[in-house]
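Participant: Construct the entire structure; sequences and hints are all you get.
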Amino acid sequence: MAVTGAVLVLFLIGHMLGNLKIFLGADSFNGYAEWLRTAGEPALPGRTMLTITEIVLVVAVVLHMWSAVSLARRAARARPVKYAARRRSQASGYATHVMRYGGIVIALFVVWHLLDMTLGVVNPEGHAATPYDRMVAGFAPSRWWVTAFYVIALVMVGLHLRHGVWSAFQTLGLARGRSHRPLRALAGVVALVLVVGFLAAPVAVMIGVIK
Amino acid sequence: MNLTLKIWRQDGPEDRGRMVTYQVEDVSPDMSFLEMLDVLNERLTLAGEEPVAFDHDCREGICGMCGMVINGVAHGEQRATTTCQLHMRHFKDGDTVTIEPWRAAPFPVIKDLVVDRSAFDRIIQAGGFISVPAGSAPDAHSIPVPKNAADAAFDAATCIGCGACVAACPNGSASLFTAAKITHLGLLPQGQPERASRAKAMVEQMDAEGFGGCTNTGECTAVCPKGIPLDAIAQMNADYLKASPTS
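Just so you know, the sequences run in chain order B and P.
Residue 1 is where the first sequence starts when you use this note's numbering, and the numbers rise one by one after that.
Residue 212 is where the second sequence starts when you use this note's numbering, and the numbers rise one by one after that.
You may find that some hints are simply not true.
[What the hints assert, rightly or not] Computed far set for chain P versus chain B, every beta-carbon distance over 12 Å:
#, residue
1, GLU236
2, ASP241
3, GLU246
4, LEU255
5, THR256
6, ILE281
7, GLN296
8, ARG300
9, ALA378
10, GLY383
11, THR394
[Claimed, not checked] Okay, derived cross-link-like pairs now, DSSO-like style, lysine-lysine, Cα gap no bigger than 27 Å in a straight line:
#, chain 1, residue 1, chain 2, residue 2
12, B, LYS82, P, LYS322
13, P, LYS437, B, LYS82
14, P, LYS217, B, LYS82
15, P, LYS453, P, LYS358
16, P, LYS303, P, LYS437
17, P, LYS303, P, LYS217
18, B, LYS82, B, LYS211
19, P, LYS322, P, LYS217
20, P, LYS358, P, LYS437
Simulated from the structure, these hints should not be mistaken for laboratory data.
Here a beta-carbon is modelled for each residue, glycine too, at the ideal position from N, C-alpha and C.
Facilitator: Following this line, the structure appears as structure tokens:
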């Protein structure tokens with residue numbers, strides 16, 4: 001859970017920084033998208049780096065889901081008889097509470113996101129357009145419901161990271177003694193920065209800052 | 212005050228069990244929760260019925276014997292309190308109180324509210340000790356212990372092994388209990404030689420008993436009568452990761 005989650009968080013940080021290039025203009029953003037495909041050339045054939053990244057991400061996602069399912073199954077086996085009284089949370093952690101449902105929402109979101117921005121299937125501009133045009137068309141004011149879905153999904157990502165990042169520090173044995181509180185705060189900062197960073201572009205397109 | 216109790220009754224390990232409703236009258240707010248159950252049991256005994264079985268011993272909050280899930284919360288909603296130290300002044304006249312045993316596959320119900328916590332003993336047997344030559348006690352201060360290590364080890368050592376952490380954990384994990392023991396011994400100089408192998412043996416025993424995995428929900432530390440902090444689990448994970456896979 002922790003190791004695969006760490007891989008995905010590192011990816012998210014890179015992904016967010018790439019997205020923010022849209023504020024530098026169409027050429028910068030499209031050039032960056034092109035670089036992702038040609039990085040390492042001519043020493044490596046085209047798409048080598050991108051394909052390696054894709055394989056690592058797919059493996060990380062699959063192992064992350066497998067860990068989550070096996071933890072849930074172990075939990076079900078460990079408590080065959082449920083409590084009659086509704087178990088009330090004493091730890092007051094909404095982020096913790098939504099980890100499993102949130103994970104499913106995020107998985108569905110990733111499917112939509114790939115269809116929208118990578119494959120262009122559900123994007124008005126389609127696959128042939130430049131990444132910049134796809135982004136601007138995808139979050140056009142008339143498609144506000146798409147932007148709304150992105151906002152909901154990203155808030156879920158934020159909650160997932162709020163608990164997940166801290167939980168990874170804990171699982172890897174780092175959040176002990178004096179580093180416990182700072183690492184817990186760091187998880188909150190990482191979650192907040194990623195959510196704000198990712199929401200900046202869709203919201204900017206929707207309100208017309210980026211055309 | 213008068214209360215309605217819904218109590219889990221189970222005749223033995225093989226019985227399916229059921230919730231039974233009882234009325235108790237004239238409960239004093241100064242009674243402890245267990246004394247309130249004593250009142251109920253005296254009445255049941257006089258009526259020729261089987262009293263409700265529950266574990267208890269010191270009734271001072273230090274032995275770890277008592278424990279029941281009260282209205283869905285292990286040891287009740289009062290923080291850092293064992294069931295025996297929970298007083299009836301925290302309840303209101305006319306309240307309905309649901310009382311259930313710890314629920315976990317490794318804690319089978321023996322009768323009513325009494326569960327078998329031998330799984331904890333087996334986790335301790337797996338490595339919750341230090342191997343020293345027996346004999347006369349060593350000279351005082353022959354092994355210097357840093358003050359901060361002594362304090363942290365003592366905080367972890369306050370675990371009374373009641374099992375509330377398991378009862379409260381949505382995953383049925385025993386991580387807080389096991390972590391408290393590993394932290395207690397691992398922070399002291401005497402615990403160093405076996406530190407990694409201890410963590411590995413105890414964690415493996417915990418898994419073998421059928422406890423769930425830790426997802427760091429923090430429910431355990433919230434109900435722990437001794438307030439064992441969650442970073443004990445980070446300490447356990449750190450020690451476990453240091454153990455070589457073959458040791």
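Participant: Please verify that the nearest CB of chain B lies beyond 12 Å from ARG300 (chain P)'s CB.
Facilitator: ARG300 (chain P) clear of chain B: closest Cβ-Cβ about 20 Å, beyond 12 Å.
Participant: Since ILE281 (chain P) was said not to touch the interface, does its Cβ keep a gap of more than 12 Å from each Cβ of chain B?
Facilitator: violated (8 Å)
Participant: What's the verdict on LYS303 (chain P) and LYS217 (chain P), does the C-alpha distance respect the 27 Å limit or exceed it?
Facilitator: holds (16 Å)
Participant: Take a quick look at whether LYS303 (chain P) and LYS437 (chain P) sit within 27 Å of each other, Cα to Cα.
Facilitator: holds (26 Å)
Participant: Hey, does GLU236 (chain P) actually stay past 12 Å from chain B on C-beta?
Facilitator: Since the minimum Cβ distance to chain B is about 22 Å, GLU236 (chain P) lies beyond 12 Å and the statement holds.
Participant: For LYS82 (chain B) and LYS322 (chain P), compute the direct alpha-carbon distance and say whether it is at most 27 Å.
Facilitator: holds (17 Å)
Participant: Is the nearest CB of chain B more than 12 Å from the CB of ALA378 (chain P)?
Facilitator: violated (9 Å)
Participant: For the pair we were handed, LYS82 (chain B) and LYS211 (chain B), check the Cα-Cα distance against 27 Å.
Facilitator: The given pair, whose Cα atoms are some 54 Å apart, is violated under the 27 Å limit.
Participant: So LEU255 (chain P) supposedly isn't at the interface. Is its beta-carbon more than 12 Å from every beta-carbon in chain B?
Facilitator: Check passes; 20 Å lies beyond 12 Å.
Participant: Between the alpha carbons of LYS217 (chain P) and LYS82 (chain B), is the straight-line distance 27 Å or under?
Facilitator: Given that 27 Å is the threshold and the Cα spacing comes to 15 Å, the pair holds.
Participant: Quickly compare the C-alpha distance for LYS453 (chain P) and LYS358 (chain P) to 27 Å and report which way the hint goes.
Facilitator: holds (25 Å)
Participant: Could you let me know if the closest chain B CB is still more than 12 Å away from the CB of THR256 (chain P)?
Facilitator: holds (25 Å)
Checked against the numbered hints given earlier, the structure breaks hints 6, 9, 10, 11 and 18 and satisfies all the rest.
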